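Counting with UniProt numbering, you get residues 1 to 451 for the letters of the sequence shown.
Where hints are given, some of them may not hold.
What the hints assert, rightly or not - Below, computed lysine-lysine pairings styled on DSS-like, alpha-carbon distance capped at 25 Å:
(1) K151 with K105
(2) K148 with K70
(3) K343 with K290
(4) K217 with K293
(5) K105 with K199
(6) K199 with K148
(7) K151 with K70
(8) K219 with K206
(9) K291 with K219
(10) K338 with K199
Claimed, not checked - Just the calculated beta-carbon pair ranges, DEER-fashion:
(11) T397 with Y180: 17 to 25 Å
(12) M80 with T157: 54 to 62 Å
(13) A288 with T115: 20 to 28 Å
(14) D424 with V63: 16 to 24 Å
(15) R68 with D318: 33 to 41 Å
(16) G263 with D424: 51 to 59 Å
(17) K343 with K291: 31 to 39 Å
(18) G150 with A347: 27 to 35 Å
(19) D318 with K343: 20 to 28 Å
(20) Y113 with N380: 55 to 63 Å
(21) L120 with T408: 57 to 65 Å
(22) A347 with Y113: 23 to 31 Å
In case anyone wonders, no lab produced these hints; they're calculated from the structure.
All of these numbers come straight from a predicted model, not from anything done at the bench.
Glycine is no exception: its CB is placed at the ideal position from the N, C-alpha and C atoms.
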Amino acid sequence: MDMSAFGITEDTTIQQTFSDNRTRRQSVRNPFLKTTREKEKPVLRHRPKENWGQVADKYWLAVPPTKREKWSSRIVWMGMGVGGLLVILFAVLGYLDAATPATCKLFDDDFRYGTLDTNLWRYEISTGGGNAGSFEWTTDSTDNAFVKDGKLHIRPTLVETYPEGTTFNLTADGTCTDPYFWCSMTQNSTAGTTINPIKSAKLSTKISMQYGEAQIKVKFPKGDWIWSQIQLNPDDDFYGAYPANGQIVLAQTRGNSYQYSQGGNDNLDSFLAYGPDGFVGLGQTLGANKKLKFTDFSDGFHVIGIVWTPTHIRTWVDDPVNTMLLAQWNKFGGFWKKGGWQKEIFAGVFDPWSVAYPSLAAPFDRHFHLTLQLGVGGMNGIFDDDQPWQLSEGRDTAMTEFRAANTTWYKEWPTGDDRDLIVDSITMRQQCVVKPTTYKDTGDKWTGIVY
1 MDMSAFGITE
11 DTTIQQTFSD
21 NRTRRQSVRN
31 PFLKTTREKE
41 KPVLRHRPKE
51 NWGQVADKYW
61 LAVPPTKREK
71 WSSRIVWMGM
81 GVGGLLVILF
91 AVLGYLDAAT
101 PATCKLFDDD
111 FRYGTLDTNL
121 WRYEISTGGG
131 NAGSFEWTTD
141 STDNAFVKDG
151 KLHIRPTLVE
161 TYPEGTTFNL
171 TADGTCTDPY
181 FWCSMTQNST
191 AGTTINPIKS
201 AKLSTKISMQ
211 YGEAQIKVKF
221 PKGDWIWSQI
231 QLNPDDDFYG
241 AYPANGQIVL
251 AQTRGNSYQY
261 SQGGNDNLDS
271 FLAYGPDGFV
281 GLGQTLGANK
291 KLKFTDFSDG
301 FHVIGIVWTP
311 THIRTWVDDP
321 VNTMLLAQWN
331 KFGGFWKKGG
341 WQKEIFAGVF
351 DPWSVAYPSL
361 AAPFDRHFHL
371 TLQLGVGGMN
381 GIFDDDQPWQ
391 LSEGRDTAMT
401 EFRAANTTWY
411 KEWPTGDDRD
421 LIVDSITMRQ
431 QCVVKPTTYK
441 DTGDKWTGIV
451 Y
């Protein structure tokens, strides 16, 4: 057939065939190289459709859900939320359970018999104000410590003004229990001494614990310049003088209103106090606090708890998962390292807890007893703003100034039970290895469970 009529000559056909064959040979060497025929093929073949790309009609969205359908959906989501919270709660409780060694019952008092059981409790009688340098004279009077309606009350009372030359000697009458002999008072304005302006009470258990748990159900007091503490104090001075033996303050509150700058009765502090042997000025605290909104700790009863093990101390309020203080000494290398006193060694400051090595728990590795205290005023800075006495002056001068201002602060004190530290019940449990058998009573001192 003559193709010249179509413009195709024999030479053109041969040339095209040669070109295609060459390209095909190249494609064998390079599989990604396409021939002319392959290039002419469409990349994608498809069957045309009408209205291509039109969004499908979601008819169900046009119909609003019924009230029943809404609640069904909400119930499902709420159930999933509650389930998630329960999983978290059980995980936390499981962790706390695993981290707490087994304990055995040690002490239980709910004051049901209407009197303070002196087989379990002892009065701390002193005029010195303890480590806080507070202004009260602690007594064994039923005006200051009594049981009412099945609850223990510790109440502060105002001391009358005594004439010049009046002296009280608590050593002579055999009532003083202060280890540092703060046992006498004299009213002598010339010498600058005075009789304490307040009476109160300080009670300690005769039984002590070394590692374990305690729970105290308590209502804290109201009233300007009143403060209260629930403490664990060491039985002896094994590591030296204060603050070397430590102190565990489970809870501390001030009776002032929430407007007080340092925190009033809406604020709860919990801390450990410790320091080198006899160097009070070098003492330190490790603590935390909880603050309430729209209420305070004197409006009702709260449960204060502690878990104390060879590795940590944890305090809580109202619920075991509501932690206040958590001190894990293995994490910070013990209290000597935590205090940073190594640089003071050339000033005669030495580690009083080195005898306990390799344990890092010292000084919180000895027997401690529970103490309930209601104090008023103080020289340690528990009140250092707008107080009616000067911290820069001596304690006797401060007490004189405080008494002179009683027309202002005393009228702010509640007249009834609201100024009392009120304790509903106390439970203490000792960490145990075997089942305890009996209590060991040594007369004045209960040493705890015999194993």
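K105 paired with K199 [C-alpha distance capped at 25 Å]: violated, 34 Å
Pairwise beta carbon distance, G150 to A347, judged against the given window 27 to 35 Å: violated, 53 Å
Given pair status - K293, K217, alpha carbons within 25 Å: holds, 20 Å
Pair hint K343 and K290, alpha-carbon separation not exceeding 25 Å: This hinted pair is violated, its Cα atoms lying about 34 Å apart.
Pairwise beta carbon distance, D424 to V63, judged against the given window 16 to 24 Å: violated, 59 Å
Hinted pair K199 and K148, Cα distance within 25 Å: This hinted pair holds, its Cα atoms lying about 19 Å apart.
Hint check for N380 and Y113 - Cβ pair distance inside 55 to 63 Å: violated, 36 Å
Outcome for the supplied range 17 to 25 Å, where the beta carbon pair is T397 and Y180: holds, 20 Å
Given pair status - K105, K151, alpha carbons within 25 Å: holds, 21 Å
Proposed proximity, K219 with K291 (alpha carbon, max 25 Å): holds, 15 Å
Outcome for the supplied range 31 to 39 Å, where the beta carbon pair is K343 and K291: holds, 35 Å
A347 versus Y113 beta-carbon gap, inside 23 to 31 Å or not: violated, 53 Å
Going down the numbered hints, you'll see the structure goes against 2, 3, 5, 7, 10, 13, 14, 16, 18, 19, 20, 21, 22, while the others check out.
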